[in-house]
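Generate the whole structure from the sequences, applying the supplied hints.
For the protein sequence lines, the chains are A and B, in the order given.
If you're matching positions, the first sequence starts at 1 in our numbering and goes up one per residue.
If you're matching positions, the second sequence starts at 1001 in our numbering and goes up one per residue.
Errors might be hidden in some of the hints.
[Stated by the list, open to error] Here are the simulated distance ranges between beta carbons: (1) A/Ser25 with B/Lys1070: 15 to 25 Å; (2) B/Met1095 with A/Lys50: 15 to 25 Å; (3) A/Gly15 with B/Glu1069: 23 to 33 Å; (4) A/Gln1 with B/Ile1096: 41 to 51 Å; (5) B/Thr1020 with A/Gly56: 35 to 45 Å; (6) A/Asp17 with B/Lys1009: 33 to 43 Å; (7) A/Val43 with B/Ile1096: 16 to 26 Å; (8) A/Gly15 with B/Glu1015: 28 to 38 Å; (9) A/Lys26 with B/Gly1040: 18 to 28 Å; (10) A/Lys68 with B/Thr1079: 36 to 46 Å.
Bear in mind the hints are in silico, worked out from the structure with no lab data behind them.
Predicted model, so just to flag it, every value in this text is computed and none were measured.
Every residue gets a Cβ at the ideal spot worked out from N, C-alpha and C, and that includes glycine.
What follows is each chain in one-letter form.
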Amino acid sequence: QQPVQSPQAVILREGEDAVINCSSSKALYSVHWYRQKHGEAPVFLMILLKGGEQKGHDKISASFNEKKQQSSLYLTASQLSYSGTYFCGTEEMGQGGSEKLVFGKGMKLTVNP
Amino acid sequence: DGGITQSPKYLFRKEGQNVTLSCEQNLNHDAMYWYRQDPGQGLRLIYYSQIVNDFQKGDIAEGYSVSREKKESFPLTVTSAQKNPTAFYLCASSMIMGGTEAFFGQGTRLTVV
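This is the structure:
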């Protein structure tokens, strides 16, 4: 089952902030965040591995609340280059004990000048 | 340069024909994945594999088949049983799951007419 992302779409002016949320009905062992430009491959942003972990680089950071089975991605002082669709991915136990990586439906971010 | 390659970038087929999408990686990754992307649906998992000669169904495996005869290769066949095959297909690979990032190919856009 796909993790749930919210909101589905956001339009910002350059310099504004945004928060993208990701939640799952299953226990989360890790959360991945990727950004995809239209027609291109998703690009890795960061992974959070344990509850309470927070990471960040440049003006993009993320948190992981294991108890609440949630993660949030924070985009600060957005730039035009931040435009794209953001996906969260969660690792789950699949058939035969193998792990699989499942993604949410994405959040489309548009940053205007 | 190490990477993951999908070919072709665009593919057109007539309804009722099987078609095979190629995915090759030289990153020495054990895990490989196939995702389907439709507008508003995010990335949906079709099949995944963690070792050679072994693979598991994802959330939308019906109408698709895969093989994993070599570590580097994970081809996806879209069969005539797939009711709505027109979509953007993405292949990804990673070290065995456990908090490692996934690398994506550039995707194949399949159009069935």
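Hints versus structure:
Restraint check, A/Ser25 to B/Lys1070: a C-beta distance of roughly 36 Å breaks the suggested window 15 to 25 Å. In this structure the supplied range 15 to 25 Å holds for B/Met1095 paired with A/Lys50, their Cβ-Cβ distance being about 18 Å. Range check, A/Gly15 to B/Glu1069: about 52 Å between beta-carbon atoms, so the 23 to 33 Å window is missed. For A/Gln1 paired with B/Ile1096, a C-beta distance near 22 Å fails the hint of 41 to 51 Å.
At roughly 41 Å, the beta carbons of B/Thr1020 and A/Gly56 sit within the given window of 35 to 45 Å. A C-beta distance of roughly 36 Å is found between A/Asp17 and B/Lys1009, which places it inside the suggested range of 33 to 43 Å. Range check, A/Val43 to B/Ile1096: about 21 Å between beta-carbon atoms, so the 16 to 26 Å window is met. Judged by the Cβ atoms, the range 28 to 38 Å given for A/Gly15 and B/Glu1015 is violated: they are separated by roughly 49 Å.
About 23 Å separates the C-beta atoms of A/Lys26 and B/Gly1040, a value consistent with the hinted range of 18 to 28 Å. As the Cβ distance of A/Lys68 to B/Thr1079 is approximately 41 Å, the hint placing it in 36 to 46 Å holds.
This entry does not satisfy hints 1, 3, 4, 8, going by the numbered hints stated previously.
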